[in-house]
Amino acid sequence: MITLGNYIALSGIIFSIGLVGVMTGRNVIKVLLSLELLLAACNLSFVAFSKFNGDYAGQLIVFFVVLVAAAEVAIGLAIIVLMYRRLSTIQADELRTMKW
Amino acid sequence: MSPYFFYLFAAILIFASLVVVLARNPLYNVLALVVAIFSLSCLFVLLEAFFVGMVLLLVYAGAVMVFFLFVVMCLKLNTFTLENALQSRFRLYGTVVGLSFACLLGLAAKSFIKAQTMEASSIRGTIETIGKILFTDYVLPFELTSLLLLIAIFGIVSLAQGALGTGQDNKNL
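Residue numbers (my numbering), protein chains in the order written: chain H, 1 to 100; chain R, 1001 to 1173.
Do not take every clue at face value.
[What the hints assert, rightly or not] Each pair of labels, with its calculated beta carbon distance range:
1) R:Met1118 with H:Leu82: 46 to 54 Å
2) R:Ile1113 with H:Arg86: 52 to 60 Å
3) R:Tyr1007 with H:Arg96: 42 to 50 Å
4) R:Ala1160 with H:Asn53: 23 to 31 Å
5) R:Arg1024 with H:Asn53: 38 to 46 Å
6) R:Thr1126 with H:Ser88: 47 to 55 Å
7) R:Ile1133 with H:Leu95: 38 to 46 Å
8) H:Gly54 with R:Gly1162: 43 to 51 Å
9) H:Arg86 with R:Phe1070: 18 to 26 Å
10) R:Gly1062 with H:Ala57: 39 to 47 Å
11) R:Ser1121 with H:Gln91: 44 to 52 Å
By construction, these hints were calculated from the structure, which means they are not laboratory data. Since we're looking at a predicted model, the values are computed, not measured. Quick reminder that beta carbons are idealized off the backbone N, C-alpha and C, glycines included.
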């Protein structure tokens, strides 16, 4: 029998993997992909809670999260392309111009 | 029947997200995220959230990931993926923080005893039920989301104009 605990544990595992990716990623694209993993983990726990609580609000929040994430990815990738044109690299450590 | 499917898709999801984080070629990262999103939407279908699962499949795996692939293929990244692997200052710290966060989440999940006994409700997130709620109770957030997408379009267009309109950066292409 699959309980709510299984889904929460799976969501926690995915969230931790994504967190490691965000913190260790030096490639900006990899950081953005790991952020998507974080969102996916949260979406999974939202849907699981929605199913086990009998409330549709969780699924609607997932719908909005997907839309916002699409906008975020579009802007983020535009910034990455600009960064590649200016600096010819996408390593996060090369972004030094805001340091002084 | 359902438990086996849960464990199958959970294993695929964990493996794919490990590939997302650990693989060195950015192309593999993106393709692994497509697999992860696919198995996530299969889990949504197991939870009877059909509409959200299909939205995830169409919007994420269909549109967003293709966008990622476009950018990865445009950027000619393969020349410096190897030097990327050699210098990993933050790898140790990041892994320690991630593992301790996983332990914390595990403790929190373990203390949530009610989760083991809760019964699954009979709600089914079909297009009909979700659409009814979306266009009655949640119509204001829905419209505001369209405004957000419009602002995102403005942002992307102004970013692209900054790169192409001045003519300075075109030399680098």
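Verification of the supplied hints:
In this structure, Met1118 of chain R and Leu82 of chain H meet the distance hint of 46 to 54 Å, their C-beta atoms being roughly 48 Å apart. A hinted range of 52 to 60 Å for the beta carbons of Ile1113 of chain R and Arg86 of chain H is consistent with their spacing of about 53 Å. In this structure, Tyr1007 of chain R and Arg96 of chain H meet the distance hint of 42 to 50 Å, their C-beta atoms being roughly 46 Å apart. In this structure the hint that Ala1160 of chain R and Asn53 of chain H lie 23 to 31 Å apart at CB is violated, the actual value being about 43 Å.
The given range of 38 to 46 Å is respected by Arg1024 of chain R and Asn53 of chain H, whose C-beta atoms sit roughly 41 Å from each other. Separation of Thr1126 of chain R from Ser88 of chain H is about 49 Å and conforms to the stated range, judged on CB atoms against 47 to 55 Å. Taken as a hint, the range 38 to 46 Å holds for the pair Ile1133 of chain R and Leu95 of chain H, whose Cβ atoms sit roughly 43 Å apart. Roughly 49 Å separates the CB atoms of Gly54 of chain H and Gly1162 of chain R, a value that falls within the hinted 43 to 51 Å.
A beta carbon spacing of about 19 Å between Arg86 of chain H and Phe1070 of chain R agrees with the range 18 to 26 Å that was offered as a hint. In this structure the supplied range 39 to 47 Å is violated for Gly1062 of chain R paired with Ala57 of chain H, their Cβ-Cβ distance being about 25 Å. Restraint check, Ser1121 of chain R to Gln91 of chain H: a C-beta distance of roughly 47 Å satisfies the suggested window 44 to 52 Å.
Checked against the numbered hints above, the structure breaks hints 4, 10 and satisfies the rest.
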